[in-house]
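> In case you want the letters, here they are:
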Amino acid sequence: MDKLNICHLYPDLLNLYGDRGNIISMVKRLEWRGIGSEVIEISVGMEFNPDAYDIVFIGGGQDFEQEILLPDLLGEKASNLRHAVESDTTFLAICGGYQLLGLYYKTWNGHQLDFTGAIDIYTIGNTDRMIGNFMFETSIDGQAYEVAGFENHSGMTYLGDNVTPLGRIIKGYGNNGTDRTAGARYRNVFCSYSHGPLLPKNPFLCDHILLTALREKYGDYELKALNDSEETSAHDVMCRRLR
Amino acid sequence: MKILTVIAILSARVTTFFLRLLGRGGTSLPGRVALFFQRNLLETLSSGYTVIAVTGTNGKTTTSRVIGNILSKAGIDFFENKSGANLLPGIAASFAMDCSISGKPGHEFAVIECDEAAFRTAGPAMKPAVVVITNLFRDQLDRYGEISHMLTKIREGLLSCPGASVVLNSDDSLSYSISESIRNNLITFGVNEAPYGSDDDFISDAPYCIRCKNPYSYGYRTYGHLGDFRCTSCGYKRTAPDISATDIEMNFSGSAFMLHMKGQAFEVCPALPGAYNIYNVLAAVAAVSPFIDDTALLADGIATFESGFGRMEKILLENFPLTMVLVKNPAGLNQVINFLSYDDSTKILVMILNDNFADGTDISWIWDSNFEKLHSFSDRFSKIYLSGTRAEELLVRFKYAGFEPDLITVQKNYRILIEDIVLSNTEKTPVFVLPTYSAMFDFRGVLAQKYKLKEFWK
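Residue numbers (my numbering), protein chains in the order written: chain A, 1 to 243; chain B, 1 to 458.
Some hints here could point you the wrong way.
Straight-line Cα separation of at most 25 angstroms, DMTMM-like style, residue types lysine to aspartate or glutamate; simulated pairs [claimed, not checked]:
| hint | chain 1 | residue 1 | chain 2 | residue 2 |
| --- | --- | --- | --- | --- |
| 1 | A | Lys224 | B | Glu404 |
| 2 | A | Lys77 | A | Asp120 |
| 3 | B | Lys373 | A | Asp228 |
| 4 | B | Lys153 | A | Glu76 |
| 5 | B | Lys328 | A | Asp63 |
| 6 | B | Lys213 | A | Asp114 |
| 7 | B | Lys328 | A | Asp120 |
| 8 | A | Lys106 | B | Glu318 |
| 9 | B | Lys213 | A | Asp220 |
| 10 | B | Lys213 | A | Glu76 |
| 11 | B | Lys262 | B | Asp293 |
| 12 | B | Lys237 | A | Asp114 |
Some chain B residues well away from chain A (every beta-carbon gap over 10 angstroms; in silico) [unchecked claim]:
| hint | residue |
| --- | --- |
| 13 | Phe79 |
| 14 | Thr239 |
| 15 | Ile366 |
Chain B regions said to be covered by chain A (calculated; three or more residues, Cβ under 8 angstroms) [said to hold, decoys possible]:
| hint | stretch |
| --- | --- |
| 16 | 358-364 |
| 17 | 382-396 |
Hints in this document: simulated from the structure, not taken from any laboratory.
Owing to the predicted nature of the structure, the values given are computational and were not obtained by experimental measurement.
Note that the Cβ used here is the ideal one computed from N, Cα and C, for glycine as well.
Between the sequences and the hints, there should be enough to build the whole structure, so can you do that?
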């Protein structure tokens, strides 16, 4: 049986609100197609083997929790993460996890925290939070999809030259509230400020991420279609409300 | 100054009167109108009362109500702010309704439930004799922000209440950490054993030490991050509580345990199921302990307490019981799922998820709740209904927990939902309704029109 190894990085610290929903979504959608999965939880003091995982998921955390993990992350884990990104491991990083993959975070009063530098993005803290349901358009294999989510962040993230946005904001703030970009894409890395359960009501994005990892591992791959009527209905309710 | 007080009180009453005429039970608007006339109205009006203030994430309402029941049994004259009027305007309005037109206290005591974010200003204004912090859990991040910020706000509020006895939960590493920065008289409460045994899976809001950021180890855990915590790195640990519970026996309708206080031990039997209600009872006893230490009276006040207003509130419909259990955050919902797992009789389950301001506009928390455990005993539910503004999203959560979506009915209209239950429930199966905050008000309102319920402002 085909199988994906999913690494959940810092599950006890980066689990802000419903982040687990993304893991549940990936595991279930593999299971419903007869594809196996194993979730490996890696936290403080544990080794992150850059060649062992097909998908790495990093969620969001509160400032307190991020302070706990930074000393651990910035040691060997940071170089292993960079290695995994460059060798085309599939990543999904949300909120704080998204910021941590970047170069640095500069607080609103100018204090700079260096992060992993796995992708060319950086974040500037803001005194106001960007909170609310939001929606952006993304393109998957040339087809446009609307992604619905909830954002809650004070960091304003800016993308470097070789990083593309995951999508264009339709409603809400997105990366920084000004340039209408939403999230980031680099190699097989997917980043978003749609905190918590991004994937459950955006099943097309979940499948796209799974397919990216499956193709990386097994070459040519197709996923059999599922009945997504409940997911689609939850998605459409929010998109209709936001429009 | 005095004349302004009279005008403020009158304005609150007139506004309330007109709201009632419109059939509405709002408490915020009368308070805001009154505060417009006198900004420090709450300070002025509350000064004649002995105030017991109750704040924290979970259990505020039940704890306040148990305090009220014990005070009644003790013959102490008091009033309480009912109906979730727990922000500053609502609290001010409650005092304005209780005192005389000239501002003279209508009762000796006031038991005031206070929203944790509102406590920083509303708490000190009341110069409380006792402040209860029930616990701190992650809750509505869109509204309350991070737990550490909430902790700071509550601490700041307490620093402005120098005369208060402070009741703290010794099992909660988060809120108990406040004890280090205040010099108030402390009364602590806690559970001295794990009420569920050790086979439960726990989601912790605080796995790492609030002081030094190293992981806690636990002698035992009660639920969430509560329990016998200990940081082996900096030495921050649970201290033996002043008021505690041992020998706990739990069942579907309540619990029985030994309550220890001031060197005495006595059995109490609250008709409140769920481990979290043991904490609520202990917190209530701690709150009244400066005034009452007659154990028979305390036991009576606990045993005769009947929960209401959406907190395990039992309503008889036609000829089957409907129990309403408010759910508002993952820790609370996990506790309700635990409670439902005790009893293997057949039930009808209704869950209502709203995303209005009072519920939290972010519903992501449903993914942190243990619906997988709920699914493990899904054969006990003869029917499942989902409702609320985000019913569709809830259905997705149920689906991914393993439920068959085709067997679940989504009905957003409460009237039709209730009619459907009444018509199809020929077996007289007990119904359990799990609504979020605003859903509880609305659903209860529809029920009240059909089946004479107590209006919430009464």
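> Taking C-beta pairs only, is Thr239 of chain B more than 10 angstroms away from all of chain A?
23 angstroms, holds
> Would the hint linking Lys153 of chain B and Glu76 of chain A be met if the CA-CA limit is 25 angstroms?
37 angstroms, violated
> What's the verdict on Lys237 of chain B and Asp114 of chain A, does the C-alpha distance respect the 25 angstroms limit or exceed it?
33 angstroms, violated
> Check the hint pairing Lys213 of chain B with Asp220 of chain A against an upper bound of 25 angstroms on the C-alpha distance.
46 angstroms, violated
> Could you grab the alpha-carbon distance between Lys328 of chain B and Asp120 of chain A and see if it respects the 25 angstroms cut-off?
With Cα atoms ~39 angstroms apart, Lys328 of chain B and Asp120 of chain A exceed 25 angstroms; violated.
> Taking the minimum C-beta separation from Phe79 of chain B to chain A, is that value above 10 angstroms?
About 36 angstroms separates Phe79 of chain B from the closest Cβ of chain A, which puts it past 10 angstroms; holds.
> With d taken as the least Cβ-Cβ distance between Ile366 of chain B and chain A, does d exceed 10 angstroms?
7 angstroms, violated
> Going straight from one Cα to the other, do Lys106 of chain A and Glu318 of chain B come out at no more than 25 angstroms?
Not OK: Lys106 of chain A and Glu318 of chain B at ~62 angstroms, beyond 25 angstroms, violated.
> Within a Cα-Cα threshold of 25 angstroms, do Lys328 of chain B and Asp63 of chain A meet the stated pairing?
23 angstroms, holds
> Compare the distance between the alpha carbons of Lys373 of chain B and Asp228 of chain A with 25 angstroms, and conclude whether the hinted pair is satisfied.
23 angstroms, holds
> Given the proposed pairing of Lys262 of chain B with Asp293 of chain B, does the C-alpha separation stay at or below 25 angstroms?
With a Cα-Cα distance of about 9 angstroms, the restraint between Lys262 of chain B and Asp293 of chain B holds, given a limit of 25 angstroms.
> Do three or more residues of the stretch 382-396 of chain B come closer than 8 angstroms to chain A, measuring C-beta to C-beta?
holds (count 5)
Taken one by one, the earlier hints fail for this structure at numbers 4, 7, 8, 9, 12 and 15, listed in ascending order.
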